[in-house]
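2 protein chains.
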Amino acid sequence: MSDYNELMGFVRETEALSQVAGRLGWDQETVMPGGAVEQRAEEHGAMASVLHARRIDPRIGGWLETAVAEDDVAAAQIRHIRRSFERAAKVPAQLASAIARETSRAHRIWAQARADEDVAAFLPALDKVLQLKREEAQAIAGRADPYDAMLDDYEPGATAAQLSAMFGAMRPRLVALRGAIRDKDPAPMLRGTFPEGEQMALTRDLALAFGYDLNNGRIDKALHPFSSGSGLDVRITTRTNVDDPFNCFYSTIHEVGHACYEQNIDRDYLLTPLGAGVSMGVHESQSRIYENQIGRSRAFTGWLFGQMKDRFGDFGIASADDFFACVNRVADGFIRTEADEVQYNLHVLLRFDLEQALVSGDLLVRDLEAAWNDRFASDFGFAVDKPSHGVLQDVHWSEGLFGYFPTYSLGNVYAGCLHTALRADVPDLDDDLARGDTSRATGWLSDKVQRHGGLYAPRDVIARASGGAPSEGPLLDYLEAKFGAIYGL
Amino acid sequence: MSDYNELMGFVRETEALSQVAGRLGWDQETVMPGGAVEQRAEEHGAMASVLHARRIDPRIGGWLETAVAEDDVAAAQIRHIRRSFERAAKVPAQLASAIARETSRAHRIWAQARADEDVAAFLPALDKVLQLKREEAQAIAGRADPYDAMLDDYEPGATAAQLSAMFGAMRPRLVALRGAIRDKDPAPMLRGTFPEGEQMALTRDLALAFGYDLNNGRIDKALHPFSSGSGLDVRITTRTNVDDPFNCFYSTIHEVGHACYEQNIDRDYLLTPLGAGVSMGVHESQSRIYENQIGRSRAFTGWLFGQMKDRFGDFGIASADDFFACVNRVADGFIRTEADEVQYNLHVLLRFDLEQALVSGDLLVRDLEAAWNDRFASDFGFAVDKPSHGVLQDVHWSEGLFGYFPTYSLGNVYAGCLHTALRADVPDLDDDLARGDTSRATGWLSDKVQRHGGLYAPRDVIARASGGAPSEGPLLDYLEAKFGAIYGL
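Line order of the protein sequences matches chains A and B. Residue numbers for the first sequence follow my numbering, beginning at 1259 and rising by one. Residue numbers for the second sequence follow my numbering, beginning at 1259 and rising by one.
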């Protein structure tokens, strides 16, 4: 057996174990008995320790020295393996286990602090996590920028400088768009209650309409919607709220975007580094284009309006145009995950700037809340009323996920680029969407983006699909046109 | 940290991984998407390979040389670890992987052969598995009896000689009891259909009535009922058939017996070798005493009759006595898993004698079907009509599980001993059971057997609980009395 094949055999087994560990997470959020929490923590810990040991196994270094790539696919596999091995090898074992321990602790403290609206209770734990993650980033980056090393973990190849330029151009246009909408009459709202069983039935139809393959997946309810797994077993969750069926439907469509990416990767890459979405940004581009550019389009919402009338009767919306405005309603709010397309990126940009300043040391943890509240008031025009609506709202920093937030907005930028190219390639797409048929849209995404898995670098896969270097322009043009039409700007 | 503590830390992580691997099996039988089979096989393989490597990890040998047991519990832990390590270390890696490969292959061939009623198609695969398992047993047993080494895998300390004496004494009395019943009028049968939703609701009540803790477990449907997991997460499955609610209810009670054993083990033993049922025989003693001696007793079936009338209305049974006879109906049948209390052990004894002869070489695989059919005709008085009703009915041999069958009957023998002691300790137990209250019965079993987990050797835990060396006498006396009364013998 060649060194390359030996290496791939080892890596394939690691990927299989990683799928098992991921499914343990799915189980915990959907079907696990409540009393199993303590034991589950040990099971998670044992899997994490097995996976970590395999990822830094010195045999990988040996194989990498001698393995020969005979084609582009093999070269890409080796590139992924080398990157992951070298990153892992640079982090001392003691630091890795301190990070695991302190993030687990900080996560518990954060949850309690959020419940208690007590920022001060969280700050010492956050400070500890920040120090450890900075130390890790410095070990990886050497003399380069530690924040870039963090970012690289979620979005290989991206740099803070590049994203700052992109996001810097977005912010004023988004703030202006938001301000213009705020001066207009609010869009109509749904009235009535929407039985949960009917929501789940329609959510299943929506998942199928977007190409989700239930033969390689399943839909369950969970507290937070997520997609889990790669390859032949990619499961999603959603949630229901009798007052707010859109939360269920658009959570489902969002997760279906993530899940279809994983389901549609070339089967030759199954259980290899190429067999998973290439980055968080590209992943988010798929979930967001499914959810927003397709799922919240005038054409598709026209079809959805009919489906909802058939199932729920009258719910206070008179026309398909009103329904379109209702689905895309822009309203004041504190919470990122509940934000509309216009305001979502403003929430992300705030976090991106603050976490960069935390990592560089320009912002001290003790000044974080004030900085958050100042920036929020400046972009949104009103004040944060309590910490759970502000600096304590997101789980990410407690878990040490510095560098993760910007991938959300990068995903939206990528979705904008892909959407423009898709519309150019399929000019009559709205005829399909108006019938609830997404197959040409999702087929285009599958062919241009999803099937490649990790074969190309994140920016490259978007550039190849959209015909040029990614930029924020298409997203902003799309938002201004869409919301300009809805609000008569 | 002491060597003992280091050893236990390592073993604890292995036990946690083993729980994860087991839950992967649960997932596959209950919630896995159909298209995930291939990937799942790789995931199972990866977990098995991780677990195997840990079980033969040479560090265990080192720790065992120096670890000091400071109490009985530690001594028992070390005894289990040493036994498992020494067994695993005696089997060459190549042989272990050949067994994994060939049993997986033989299992597929068996399933097809059973569907095709084609014994000849299965025999070469069976022969290969038999040779490999014999080789493994010889590696473990050295100059001792290879069948005993197989048996020891499921029932530590048991020997074929001991079981042959026990089972030899059972066979004539069971054949005679069966013959006497056959001459009598058959017991009444259920009539009607029993909606599956109502069956599942009652099955849940039954599980709770027998002490199953849903905070550390859950009940799902699966093709075959099973119990899965140890400690804080012990799940069961059952099945429904609109014509046959007893199949659902008694499968549930049986699996609850297994599950309560795992749930009720002393929590100090969580994720250690003492934290699981000590042997297949003792496990089966719990499932069978729940199912039969308690669940099919005149007193408990009186309560169940009322529950079923409340839920299903009239189903053609006039009185509680008729219902008791119906639940305990003895009828001709080919299939072990569907057999009543009287005939079940005759099915097992047949397999025990045949598999011993296969392992010793006294019986050749090519003569197996004829030997099966002869023995069946002799004990049951009628002829096997097709291979799926005879030699191809069970999965065990295809999976290399030689030595497993006798633990079923040993479990019944143990249940007989425990039942006699339980009745002596709680003379008015029937008053409880007639109200559907099993708490004194299951509490006694929890205290006398279940909580000890792997602390005592299998025969010892039964002897301590029942006050003497286990023998077949109590089981046979119980069966003759119970069925004598039902059939007026």
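Treat each hint with caution, since some may be false.
Since copy identity is lost for identical chains, a pair holds within one copy or between any two.
Claimed, not checked - Within a straight-line C-alpha distance of at most 25 Å, the following computed SDA-like cross-link-like pairs (lysine to any residue) qualify:
1) Lys1644 to Asp1632
2) Lys1348 to Ser1422
3) Lys1479 to Gly1280
4) Lys1479 to Glu1454
5) Lys1740 to Ala1402
6) Lys1706 to Ala1721
7) Lys1348 to Arg1392
8) Lys1479 to Met1290
9) Lys1386 to Arg1429
10) Lys1740 to Thr1498
11) Lys1479 to Glu1287
12) Lys1706 to Gly1320
13) Lys1479 to Met1458
14) Lys1479 to Gly1283
15) Lys1386 to Ala1434
16) Lys1479 to Arg1497
17) Lys1740 to Val1642
18) Lys1386 to His1647
19) Lys1740 to Asp1683
Since the hints were derived computationally from the structure, they do not count as laboratory data. All values reported here derive from a predicted model rather than from experimental measurement.
Status of the hints after comparison with the structure:
In this homomeric assembly, lysine 1644 and aspartate 1632 come within 25 Å of each other (Cα to Cα) only inside a single copy, at 13 Å, whereas the closest approach across copies is 81 Å. Taking CA atoms no more than 25 Å apart as the test, lysine 1348 paired with serine 1422 passes in neither setting, with 27 Å inside one copy and 62 Å between copies. In this homomeric assembly, lysine 1479 and glycine 1280 come within 25 Å of each other (Cα to Cα) both inside a single copy, at 17 Å, and across copies, at 24 Å. Taking the shortest alpha-carbon separations for lysine 1479 and glutamate 1454, both the intra-copy value of 11 Å and the inter-copy value of 23 Å come in at or below 25 Å.
For the homomeric pair lysine 1740 and alanine 1402, neither the shortest alpha-carbon distance inside one copy (41 Å) nor that between copies (82 Å) is at most 25 Å. In this homomeric assembly, lysine 1706 and alanine 1721 come within 25 Å of each other (Cα to Cα) only inside a single copy, at 10 Å, whereas the closest approach across copies is 69 Å. Taking the shortest Cα distances, lysine 1348 and arginine 1392 sit within 25 Å of each other inside one copy (13 Å), while across copies they are farther apart (48 Å). In this assembly of identical chains, lysine 1479 and methionine 1290 lie within 25 Å of each other by CA distance both inside one copy and across copies; the values are 13 Å within and 16 Å between.
Taking the shortest alpha-carbon separations for lysine 1386 and arginine 1429, neither the intra-copy value of 31 Å nor the inter-copy value of 70 Å comes in at or below 25 Å. Taking CA atoms no more than 25 Å apart as the test, lysine 1740 paired with threonine 1498 passes in neither setting, with 28 Å inside one copy and 53 Å between copies. In this assembly of identical chains, the alpha carbons of lysine 1479 and glutamate 1287 lie at most 25 Å apart whether taken from the same copy (9 Å) or from different copies (20 Å). Taking the shortest Cα distances, lysine 1706 and glycine 1320 never come within 25 Å of each other, neither inside one copy (35 Å) nor across copies (55 Å).
For the homomeric pair lysine 1479 and methionine 1458, the shortest alpha-carbon distances inside one copy (9 Å) and between copies (21 Å) are both at most 25 Å. When the C-alpha separation of lysine 1479 and glycine 1283 is checked against a cutoff of 25 Å, the pair qualifies both within a copy, at 14 Å, and between copies, at 22 Å. Taking the closest pair of Cα atoms, lysine 1386 and alanine 1434 never come within 25 Å of each other, the shortest separation being 38 Å inside a single copy and 76 Å across copies. In this assembly of identical chains, the alpha carbons of lysine 1479 and arginine 1497 lie at most 25 Å apart whether taken from the same copy (5 Å) or from different copies (23 Å).
Proximity of lysine 1740 to valine 1642 under the C-alpha cut-off of 25 Å is found in neither arrangement, the shortest distances being 28 Å within a copy and 74 Å between copies. In the homo-oligomer, the alpha carbons of lysine 1386 and histidine 1647 lie at most 25 Å apart inside one protomer (23 Å), although the nearest pairing across protomers, at 66 Å, exceeds that limit. In this assembly of identical chains, the alpha carbons of lysine 1740 and aspartate 1683 lie at most 25 Å apart only when taken from the same copy (20 Å versus 79 Å across copies).
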